[in-house]
Structure formats: C-alpha cells, structure tokens
Amino acid sequence: MTAIDPVTLEVIQNALSSIADELALVIMRSAYSNIVRDSMDYSTAVCDHEGRTIAQGLTTPVHLGSFPDAMQALIARYGGAMSPGDVFLFNDPYGAGGMHLPDFYIVKPVFVNGVVEGYVATLAHQCDVGGIAPGGMAVYAAEIYQEGLRIPILKLVDAGVPNAAILELIGRNTRQPVQVQGDIRAQIAACTSGERGFLALIARYGAAAFRVYTAALHDHAERLIRAEISALPDGDYEFEDFLDGLGENPTPIRFKTTVSIKGDHIHIDWTGTSPQVKAAINGPMPTTRAMAYLGVRCAIGAAIPNCEGYMRAITVSAPLGSIVNPIEPAACGARGVICFRMYDAILGAFAQVVPHRIPGANEGGSSAPHIAGRTKDNKPFIISGGLMGCWGGSFARDGQEGISNPAANLGNAPIELMEQRLPVRITCYEFVPNSGGPGQHRGGAALRRGYRLLADDGVLIMRSDRRDVLPYGLSGGMPGTPSWNLINPGPEQKVLPVCPMQSTGMVAGDEFVHVQAGAGGFGDPLERDPERVLADVIAELQSVDYAADVYGVVIVDRRIDSAATKRRRDALRHAKGRPRSYLDHYAITNSLPRPSDRPNP
Amino acid sequence: MTNQSAGSIDPAHAFRVGIDIGGTFTDIVASGPDGRVYVRKVSSTPSDYSQGICDGLLALLAEEAIRPEQIDIVVHATTVATNAVLEGKGARTGLITTRGFRDVLEFRRVRVPELYNLDYVKPRPLVARQHRLEIDERMGPKGEIWVPLDEDSVRIAARRLKVEGIEAVAVCLLHSYANPVHEKRVGELLREELGEGVFITCSHEILPEIREYERTSTTVVNAHLGPVMQVYLGRLVDRLASLGVGRSLHVMTSGGGQMSFRRAATRPAALVESGPAAGVIAAAKIARRLELAEVITLDMGGTTAKAATVEHGSPTRTSEFEIGAGISLSSKLVKGAGYAIKLPFIDVSEIGAGGGSLLWFDKGGLMKAGPQSAASEPGPVCYGRGGTQATLTDCFLTLGYLNPNSLVGGRLTLQAQAARDAVAEQLATRLGTSPEQAAFGGLTVAVANMVRAVKSVSTYRGRDPRTHALIAFGGNGPLVAAAIARELAMPRVLVPRNPGVLSACGLLDADHEQELVRSFPGLITDLDPETLEREFTGMEQQARASLTEEGFASADILVTRHADLRYAGQAYELTVRAVRASPADLAQAFHHEHLATNGHMAPDEAVELVSLRVTASVPTPDQSGPGEWGPVRTTETKRMAYFGPDFGLLETRIVQRQDLAGQSLAGPLIIEEYDSTCVAPPGTTASLDAWRNIVIDMGQPE
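If you read the sequences in order, they're chains V and S. So in our numbering, the last one in the first sequence is 601, and the numbering has no gaps at all. So in our numbering, the last one in the second sequence is 702, and the numbering has no gaps at all.
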C-alpha cells in the first residue's frame with residue numbers, strides 16, 4: 001500500500017488540473033461555432049478509473065456537476081467492453097446521463113497495460129442538433145422527439161477507427177453541419193491531447209500508486225467541504241422562487257427547496273416544486289444535482305478542489321415527475337432557465353444561514369434569443385448568443401453589471417463578428433438607466449440589446465424570464481426590475497411574452513429588443529450612502545428624480561443637498577406610499593410598459 | 001526626439017546600453033564593439049526614474065572609461081507603464097464610441113476568471129461611465145457607411161470632455177478596422193476642440209482588427225498611459241541628451257521588438273511587458289548562438305516565475321494579454337481579471353512562485369506554496385526584516401542551497417537559524433518530518449506550480465518539453481531549474497552569465513524592429529497572388545521607411561512576412577510565415593500548423609485569411625565572442641545540502657562558475673555567483689560551454 005505523501009498529492013493535483021486546462025484550450029482554439037469559441041459553452045474533465053471527476057477545466061458550472069451522472073451511464077453501458085483507442089459520444093438526457101440534446105459528451109478511456117486507468121471527458125454545446133427550431137432550444141417543444149437528434153452512448157471511434165457513418169448521420173441532422181462536425185473534431189483532438197498527458201502522469205507514479213493518490217484526492221476534497229459545512233448552523237432552510245411561466249398567459253412555476261444542514265452533510269430536497277411541463281424546460285436529475293453542488297460551493301465561500309469526493313457531502317432528492325426530475329419523454333432543450341431558478345432558490349435558502357455572504361438575486365439567468373432563417377443564397381443562419389447579466393447587491397457591496405451569472409460562466413459574442421457573418425445589425429448593447437433593485441447596496445443594472453434583421457425574413461425563438469416574479473431583494477433590499485421582449489419598440493411595438501410558445505416571424509428591417517431583468521438589492525434603500533447615489537447619477541445610471549424619489553437623496557448641480565436629503569428621507573420613511581415607485585421610474589425612463597399597462601389574463 | 005547626427009548608425013560598431021527598470025532595482029548593462037559587457041545594479045528612483053538611470057549610467061561610464069558620446073544606441077525596458085495601471089496613476093481618460101455602445105468597455109467579455117466566488121469584483125473600467133460618450137455614426141462590417149458621421153455630436157462630446165478635465169481620449173467606433181474614415185475625422189475634430197495638450201488615440205491606429213471589446217480596451221489602455229509615458233520618456237530623453245548619450249533611443253516592446261522613444265510615446269500599450277520580454281530575447285540569443293532548436297525559458301525572481309518558449313531562435317508570441325491580471329497561468333483560458341491588450345506579446349506564462357512565496361497548509365492539510373508572497377518587505381524570515389512566515393527562500397537556505405551567511409557578494413546577510421526554526425515550526429511539525437524534508441516538500445510543491453507554467457507554454461501547445469533545453473535565469477531560476485527539468489524529463493539546463501540581470505542583457509541583443517499588421521479578411525481561394533504581393537509590398541515599404549527615419553541604413557533592414565489564417569468559421573487564427581508565398585502555399589502551411597498546434601487538420605475545408613503581418617528589422621550583430629577564461633580560483637568549500645528522500649543529506653561542493661572551466665563536475669554541486677546561485681543535484685553533471693554558460697546535463701531520464 002502506498003503511503004500518502006502530501007507533497008506528491010499536491011503535485012498530482014496540479015498535473016491533473018493542467019491536463020483539464022489543456023483539454024479546454026485545444027477545444028477553444030480549434031472550435032468553429034461561436035457558442036463554443038466565444039461564449040465558451042463547453043467543459044472538460046479528467047476522471048479516475050471509476051469515472052469519478054478528479055480535475056476540471058475552468059469552464060461552465062452547470063456542466064461540471066453533470067459529469068458524474070454521464071460517466072456512470074457510460075460505465076454502466078460499456079464498463080467491460082471498452083478497448084484502447086475508443087472514443088464515446090452521447091447526448092441523451094434519458095439513459096445516457098445527458099442534460100439536453102445540444103450538449104455532446106465526447107469521452108475517451110485511458111488505458112495502461114490493457115486496463116482503464118481513467119478518462120478524459122469533454123462536453124460542448126453544439127449550435128444545432130436539428131429538431132423543431134434552429135439552435136435546439138425551442139421552449140415550445142412538447143416532447144424530446146421534437147428537439148433533434150438523440151444520441152445514445154456510441155463508439156464514435158472504435159479501437160482507433162473513426163465511425164464515419166455517425167459523423168455523416170449527425171451532419172444530415174443539423175442545420176449547421178460544418179460547425180457541428182468541426183466542433184466534434186475539436187473535442188476529439190482535445191481528448192487525444194489530454195490522453196497523452198494523462199498517460200505520462202500515470203507512468204511516472206505507476207497505476208497502483210496513482211489509484212491510491214486519486215482516492216486520496218477525493219478524500220481531501222471531501223474533508224475540506226465537510227469542514228466548511230460543519231461550521232454552518234444545523235437546520236432546515238426553506239425557500240421558493242418562480243419562473244413566470246409559458247406563453248401569453250403564464251402561470252408561475254414553483255421551485256421549492258429545502259436545504260437541510262446536519263453536521264457535516266447537506267441535503268437538498270425539491271418537494272413542493274411544480275410538476276414537469278409540456279415545454280422544453282424540464283431538467284433531468286443530472287441538472288438538478290449539478291445545481292445543488294454549485295449552490296453549496298457558492299454559499300460556503302471557500303475554495304474546494306474539483307474532485308468528485310466533495311460531492312459525497314451533498315445529497316439531492318426531487319419528486320419523480322416534477323420539473324426538476326421529469327419522466328421521459330419530457331422535453332429539456334431550454335432547461336437552462338430552470339437551472340438558474342434552482343440556483344436562486346438554493347441561494348435564497350442559504351441567505352438564512354449566511355446572510356452576509358448571499359447577494360440579492362441576479363438577472364435570472366442568460367436570456368437566449370435565436371433569430372434564424374435562410375439568406376438569399378439559401379444558406380441557413382442562426383443569430384444567437386446568451387445574454388448576461390448582473391449580480392444582486394450584497395452585505396459587502398453593490399451588485400455589478402455586465403457580468404456572467406455564477407451558474408453559467410459564459411462569454412459574449414463580439415458584435416463585429418456577428419455582423420460580419422450574419423445578416424444582423426446590433427442596434428445597442430448597453431446598461432439600462434434606473435434599472436436594478438434599490439437597496440443600501442443596489443442590484444446591478446439591467447442590459448439592453450437590439451437586433452435588426454437584415455435578411456428578407458426569419459423567425460425569433462426566445463427564452464427569457466423575470467417579468468412577473470422579479471429577482472428577489474434581501475434584508476430590506478427591493479426586487480430587481482422586469483425584463484421585456486419588444487419587436488419594433490415605439491408606439492406600434494409588439495410585446496412578446498418571456499417565453500413565447502411559438503416562433504415569431506420577422507422581416508427585413510424589424511428590430512427585436514431584449515431588456516433583461518435588473519438584479520435585486522440588499523438592505524434598506526434609505527440607508528444608502530448618499531455619495532453612492534450621487535456617483536450613480538453622475539455615471540448616468542440613475543436620474544436625479546429617481547435619486548430623490550427612491551433614495552431620498554436630493555441632488556442639485558451634481559452636489560448633494562444634505563439638508564433637503566434629510567428632510568426627504570424622513571418624509572419617505574413616514575410616508576405610506578412612496579411618491580413614485582422605482583418601477584414606474586424604470587418604465588417611464590425607458591419607455592417600457594408598466595405592469596398596470598399589461599392586459600389582464 | 002532622436003538625436004539625428006550625420007550618417008546612419010553602423011550596427012556592427014556601435015556602443016550599446018541596456019537599461020531595465022524594475023520596482024526595486026534598475027539594471028544597467030553596456031557593451032562595446034569588442035563584445036565586453038559591463039554591468040551595474042542601482043536602486044530605482046520612483047519619484048523620477050530618469051534620475052537613477054542617469055546617475056547609474058554616468059558612474060558606470062566613468063568606471064569603465066567610456067565617453068558618453070561613444071554610446072550610439074540606448075535600449076530601455078520599463079515597468080513604468082504597468083505600474084501606472086496597477087497603481088491607478090494613468091491619465092484621466094475619456095472614450096468616444098458609436099451610439100448605443102458606450103458600455104462595451106465595461107461589459108468586457110462578461111466571463112469571470114473565478115468560479116464559485118460571490119465576492120469576485122471586476123476590474124474597474126479605466127474610463128468612468130460619464131466619460132464614455134456616444135456619437136452618431138455607424139459603419140457596417142464591410143466598411144460601408146450605415147449612418148454618416150454627425151460632426152456636431154462629436155463637438156458636443158468633445159466639449160463635455162473638456163469641461164471634465166480629461167487628459168487623454170480613446171476613440172473606438174464599430175468596424176473602424178474596416179473603414180477608419182469616421183475615426184480619423186473624429187480624431188481631427190477632437191484635436192481642434194481639445195488642443196495639443198490632450199492625448200488622443202484612435203483604435204484603427206493602434207489595433208485595426210475585428211472584435212470591439214479587445215480593440216476598445218487596447219485603445220483605452222493606450223490613451224490611459226499616453227500622458228504618463230510622454231512625460232517619463234521626455235524626461236529621460238532630456239537627461240540622456242544633456243549627457244550626450246545615444247543617437248538612437250529605443251524602448252523594448254512586449255513583443256520583444258523595439259520602438260523609438262518618439263513612437264513609444266504614442267503607443268505605450270505596446271510596452272507593458274517590456275521587462276519580461278527582454279529576458280526571453282536574451283535567452284533567444286543564446287539559443288541562436290548554440291543552435292538550439294527548442295528552448296524553454298524560466299525566469300524566477302522574488303514573487304513570480306515566468307516561462308516562455310523559443311523555437312529556432314524566435315520566441316513564441318501571442319496577441320492576447322491582460323494587464324493587471326496578476327498571476328496568469330494560461331492567459332488564453334482564464335480571462336477577465338485584467339485589462340485586455342491585443343497587441344504582439346512574447347507568450348509568457350506567469351505563476352506566483354518566487355523566493356518570497358509563503359508556504360502554508362489548506363484546511364484539508366495539503367501543503368501550498370504562494371501565490372501570497374512576503375515580497376521584499378518584510379521578506380523571508382532569513383532576511384531578518386520582520387518576516388515570520390516561512391518562504392521558499394527559507395527552504396532553500398534550510399536545504400543548504402544558499403550560502404548560510406550572505407548573498408549578493410555580502411550585501412545581504414542571512415539568518416540561517418531563524419529560517420530553519422521557521423521551517424521546523426511551521427512545516428516540519430505539521431508534516432512530522434525533519435526540517436530538511438519539510439523544506440524539500442516546499443521546494444517540490446513550488447516546482448509543481450512552476451511545471452504548470454512551463455506546460456502551459458509547451459504541452460498545451462502540442463510541444464514536448466523532453467526535446468527542449470531549459471534556459472534558467474532571474475535571481476532564483478538557477479536554484480530550481482534542475483528540479484523542473486527533472487520533473488519534465490528535459491535533458492539539459494543552461495544558466496547564462498549574469499543570470500540575475502539577463503533581462504537588461506537582452507536589451508543589447510534585441511533587433512530593431514517595426515511590425516505592421518493589416519486586417520485583410522477573405523477566403524484564401526478568392527485571393528489572387530498579385531493582390532497578395534501588392535499588399536505585402538506596400539506594407540514593406542511603410543515598415544522600412546519608419547526604420548530609415550530612425551537613422552538606420554536601408555541596406556541593413558531585413559523584412560519578414562507572416563499571415564494569420566484560420567478555417568472559415570473558426571475564431572482563433574494561427575500565424576504562418578509567408579515568404580514569397582502564393583495563397584495556395586499559405587493554405588498548405590496553415591494546414592500543417594493547425595495539425596502541429598491543435599492535433600488535427602481539415603485539408604478539404606475553406607481557409608480564411610485574417611490579416612497580414614510585416615516585420616522590418618535591423619538585426620543586432622552578435623558582438624560578444626566566447627568569453628575569456630578567468631583564473632581558476634581555489635575558493636572551493638563544502639557544506640551539507642539535502643536532495644530529497646532518494647539522496648538525503650550530502651556533503652556538497654560549493655564552487656564558482658570559473659571552476660567549471662575545462663572540466664565537467666558531477667553533482668551534487670552548488671555554483672555560487674554574485675547575483676544568483678545554481679544547484680546541480682546528484683545524478684547531473686555541470687560544465688561550462690564556450691560562451692561560459694553553465695550547462696547541467698540531466699543524465700539519463702527516469
């Protein structure tokens with residue numbers, strides 16, 4: 001038995017992380033689709049001989065927690081039947097450990113002396129997998145059969161021999177064959193390159209000792225997280241948050257979580273959550289577990305190595321048939337939106353445990369517009385790219401704007417690249433004034449982006465949220481501001497629901513504008529430092545009227561009138577209704593509909 | 001600014017001075033036509049750096065009986081630009097953008113460099129939102145004008161900036177790389193409205209490339225640094241002129257090339273990594289002398305270690321960098337921690353492992369080294385300046401690698417017992433080992449970190465370190481080089497002369513260079529050979545002209561051509577050489593480079609040309625010949641040093657560099673020098689080559 005030397009353990013951990021980074025770098029450098037290369041919607045992992053993650057590339061949290069289920073599905077199916085040179089491909093959420101069809105897992109077992117000693121694993125979001133709508137994220141798909149190509153666990157490369165039929169089949173089932181096949185090649189190349197480093201590492205220590213050390217890495221991660229959890233007060237902490245719902249007359253969808261802390265263990269349960277829906281926002285259990293791991297790691301606020309061992313301290317349960325544990329063939333293409341809401345609910349529960357650490361809710365997750373069609377020369381185009389975001393205010397500071405949601409650390413696509421390659425003109429990409437939830441520490445400002453279609457026609461598919469149920473504020477901070485989807489803003493504008501249940505036609509010259517939700521505030525707005533209010537006014541994030549009505553800070557000629565501010569704040573504290581709500585200011589400043597303007601269902 | 005006297009500079013017979021300013025020390029080296037190199041280390045004078053430089057230079061010249069007017073060429077590397085950003089001392093900066101896009105700068109690429117950290121704070125934008133002003137105009141991606149420029153909107157913005165007391169303005173309009181006409185006009189209008197006193201940079205001048213965030217950020221960094229660098233370089237020019245030194249004053253760029261002071265003052269964003277670049281340039285020179293095809297460089301100082309690769313004598317370059325990002329293991333993957341500059345950089349991977357790195361244990365009991373550092377204040381425990389936490393330097397001392405009494409020729413006395421006590425109490429007790437074993441653990445963990453930095457410039461790019469030689473320098477590089485080489489199964493380590501001031505030496509070695517980049521997008525199959533040739537020729541003329549203006553003779557100028565290509569649809573380009581190349585040759589070269597770098601290629605797919613690059617350079621002749629042998633000194637001593645569980649504590653010979661002349665000594669061996677200490681562990685042999693580089697042969701790989 002090898003004795004564990006803490007120095008060697010650290011060395012091996014470093015070496016494994018560098019292999020995971022290398023996998024990620026190869027994909028980024030040679031990928032084709034903008035969702036991989038610009039948004040970086042992909043992840044990489046190195047796994048031990050049992051398929052347990054021992055290192056991860058710095059990529060997307062939603063993905064990272066899903067590798068365990070994917071790897072277990074792979075081993076269950078092919079455990080004894082793998083050969084050196086095999087490369088596996090799968091995407092199916094039912095039976096293959098996947099999350100939604102666009103996420104392709106490509107995994108290569110690493111053999112030493114004929115025995116599997118580990119795996120290099122990659123996951124990339126493919127830009128199109130066929131199905132009812134371009135991009136594979138149509139909210140209105142009712143069953144998974146409408147969502148595109150389902151791939152069970154297949155040998156894409158069989159003992160070193162690529163199966164060309166699979167690639168050809170995929171090519172015929174996507175609107176973007178060059179990009180999808182290019183990204184698959186990048187994933188395979190990453191596995192090949194990662195395998196080399198992995199083999200060299202195992203060779204250095206010997207397979208037997210390497211196994212002992214990887215087991216120790218899992219134990220180490222577990223010890224670290226259990227130490228953190230032990231420091232939290234025991235108890236059951238409940239929270240619920242909602243999605244607005246689907247289509248023109250949405251019914252809120254409930255996410256009810258109970259976070260139970262007992263000793264050095266956390267259990268997260270979703271009893272009370274809404275049933276699965278006939279739309280593509282159901283999240284199979286791998287997704288639900290991934291969000292639990294993410295929520296706990298964010299809440300404890302300590303660095304934990306990316307070794308699966310830490311997951312032993314966290315268990316998850318959800319009623320079968322609920323939206324977070326759906327039954328086949330529930331559709332899940334646009335399940336990202338519920339990931340964000342699960343995250344918000346878990347953090348809301350933790351706000352009762354570690355209130356100084358948890359910020360108000362952020363923008364609610366990435367908004368995912370897709371505008372698709374064919375150009376004059378009959379080439380398919382998809383204008384896409386998730387939009388984010390802003391963070392809520394917290395005990396320590398204001399929420400930031402222009403920042404990725406912690407659940408999906410994605411990048412934005414350069415506007416100039418989009419315009420160069422796609423028939424679109426971006427009309428604006430900016431922060432929205434008077435947005436975000438007021439607070440002693442305000443929520444981050446919302447973003448606005450406009451798209452003018454230059455092709456003759458196209459269809460818009462939209463996934464967004466947070467118009468009715470706003471991002472929550474904490475400790476007296478106000479909720480964030482609502483999101484909007486507008487076609488041709490102005491007197492004749494058409495207002496689309498947050499999640500339209502059909503595609504929306506657009507013609508050349510039409511402009512689609514998305515205004516995202518602003519984040520929730522933290523603490524009483526009337527306690528906000530007037531200097532900070534002034535700074536926001538000077539930065540043109542807030543108007544002078546807003547400062548006076550919402551924060552009670554009176555600003556004249558870019559100076560604070562202290563006496564008037566005191567009077568104003570006293571009046572606001574004792575007033576029953578505030579003169580004009582921050583939501584009115586937001587709507588009027590930005591010519592947006594007000595909640596009262598909306599027709600009643 | 002350059003002192004233009006009669007006749008062009010003769011690169012073969014010039015006296016050169018290299019000046020490398022760091023936060024603590026300024027290194028000055030001079031070399032003459034006979035190849036001799038003179039070195040001086042002086043304290044930096046942050047209130048006016050030019051003061052320290054000139055005092056040090058005068059003293060050096062006086063000592064070596066060199067007349068100031070003998071000096072033709074001064075080459076300078078500086079951290080002044082970097083520090084201005086890090087310390088928030090850049091100019092009060094404004095930004096002019098296309099209407100609707102003023103927040104592009106603050107959105108950045110949205111991603112954050114850390115997961116699971118709810119306390120993460122983005123770097124504050126270098127231009128406050130109220131100073132980011134929008135104007136009415138819009139260019140399309142082919143350079144077509146979608147909305148004409150409204151000059152009134154520019155004048156209104158300019159007047160607002162004037163009222164705000166703005167000292168520098170960046171202009172970055174959408175698609176200006178495709179058609180700069182709007183930006184040019186905005187620049188003119190701003191000059192009219194704001195006068196000569198305000199520094200103005202347009203994005204098409206500094207980075208005419210697609211991707212609005214990177215272009216905006218680069219332009220903003222340039223504007224932010226402009227006024228600071230103009231003052232700094234201006235003072236230096238004046239002082240040097242008053243001494244009568246230097247007809248040709250150059251600054252090293254982050255890409256390892258050079259720029260005249262005049263040009264540098266308008267393009268300071270190109271200088272931010274000049275110091276690290278200089279070290280790699282020096283190593284590249286050594287690689288060329290020795291005809292080493294593949295080299296990895298390791299520069300380890302007090303707080304960080306930096307790695308880079310040199311292939312066939314040329315450092316590997318990148319155009320992705322973030323200033324102020326702190327430690328960047330692989331700057332390409334983990335983005336967002338600093339301010340993006342998309343200009344040519346020598347691809348240096350940096351990690352927080354230096355002599356001052358603190359050793360500690362995480363909550364799970366794993367030993368860690370850095371990135372927190374004791375820096376120079378309070379410094380390692382052994383410095384006796386109040387440091388109480390064990391550092392890597394304390395480990396080196398406990399291991400017996402460092403002279404237990406003093407460093408830097410006696411200028412720094414060490415307290416070996418205090419270091420050993422700290423290692424014993426803080427590390428050995430926890431690990432249940434002897435102090436030596438614990439110190440070796442600290443070294444091993446730091447080496448593991450540094451190995452990651454080395455891998456990120458080699459294996460991550462498909463390069464195998466086992467075929468590379470390691471050139472180690474910086475104060476601590478030679479101490480750890482053999483351990484790193486062993487970890488990566490590298491066959492050979494080289495420690496050049498003056499390893500502690502090698503960066504300054506690199507300034508003497510750099511070629512005078514002018515790189516031009518032109519965006520030239522299109523499918524390679526649509527491009528005819530004549531158009532390509534015409535484009536390259538035009539760029540060549542422009543690049544040559546800028547060097548002849550600086551006083552170099554046309555006959556001394558060499559020109560190279562490169563092209564950036566990718567498969568249609570990809571976003572990341574690879575650069576290939578384009579010597580008299582037809583478009584088809586370029587495509588072929590690209591397929592091969594893609595295979596080498598990314599492990600696969602797709603010969604049937606369309607290849608896209610992105611941009612053309614032309615570099616005009618005046619090569620600096622290799623003036624230094626093989627060194628003379630000094631007298632072999634019989635100063636050899638012995639002390640006990642610990643080499644890990646396999647070898648234990650061994651009596652180890654302590655020698656000087658010249659003791660290796662003409663003979664090969666088997667490790668364990670410690671070579672002590674004025675500015676560095678080199679360790680050759682058991683199983684290796686050390687010798688001196690014709691250029692007096694220490695060569696450590698690593699022996700049989702494991």
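Calculated directly from the structure, the hints in this document are not laboratory data. Each hint should be verified, as a subset may be incorrect.
Pairs of lysine-lysine residues, derived as PhoX-like cross-links and limited to a Cα-Cα distance of at most 25 Å, are as follows [said to hold, decoys possible]: (1) S:K142 with V:K379; (2) S:K122 with S:K89; (3) S:K184 with S:K342; (4) V:K262 with S:K184; (5) V:K262 with V:K278; (6) S:K342 with V:K376.
All of these numbers come straight from a predicted model, not from anything done at the bench.
Right, here's what the structure says about each hint:
no.: 1; hint: S:K142 with V:K379; in the structure: holds (19 Å)
no.: 2; hint: S:K122 with S:K89; in the structure: holds (19 Å)
no.: 3; hint: S:K184 with S:K342; in the structure: holds (21 Å)
no.: 4; hint: V:K262 with S:K184; in the structure: violated (66 Å)
no.: 5; hint: V:K262 with V:K278; in the structure: violated (36 Å)
no.: 6; hint: S:K342 with V:K376; in the structure: violated (35 Å)
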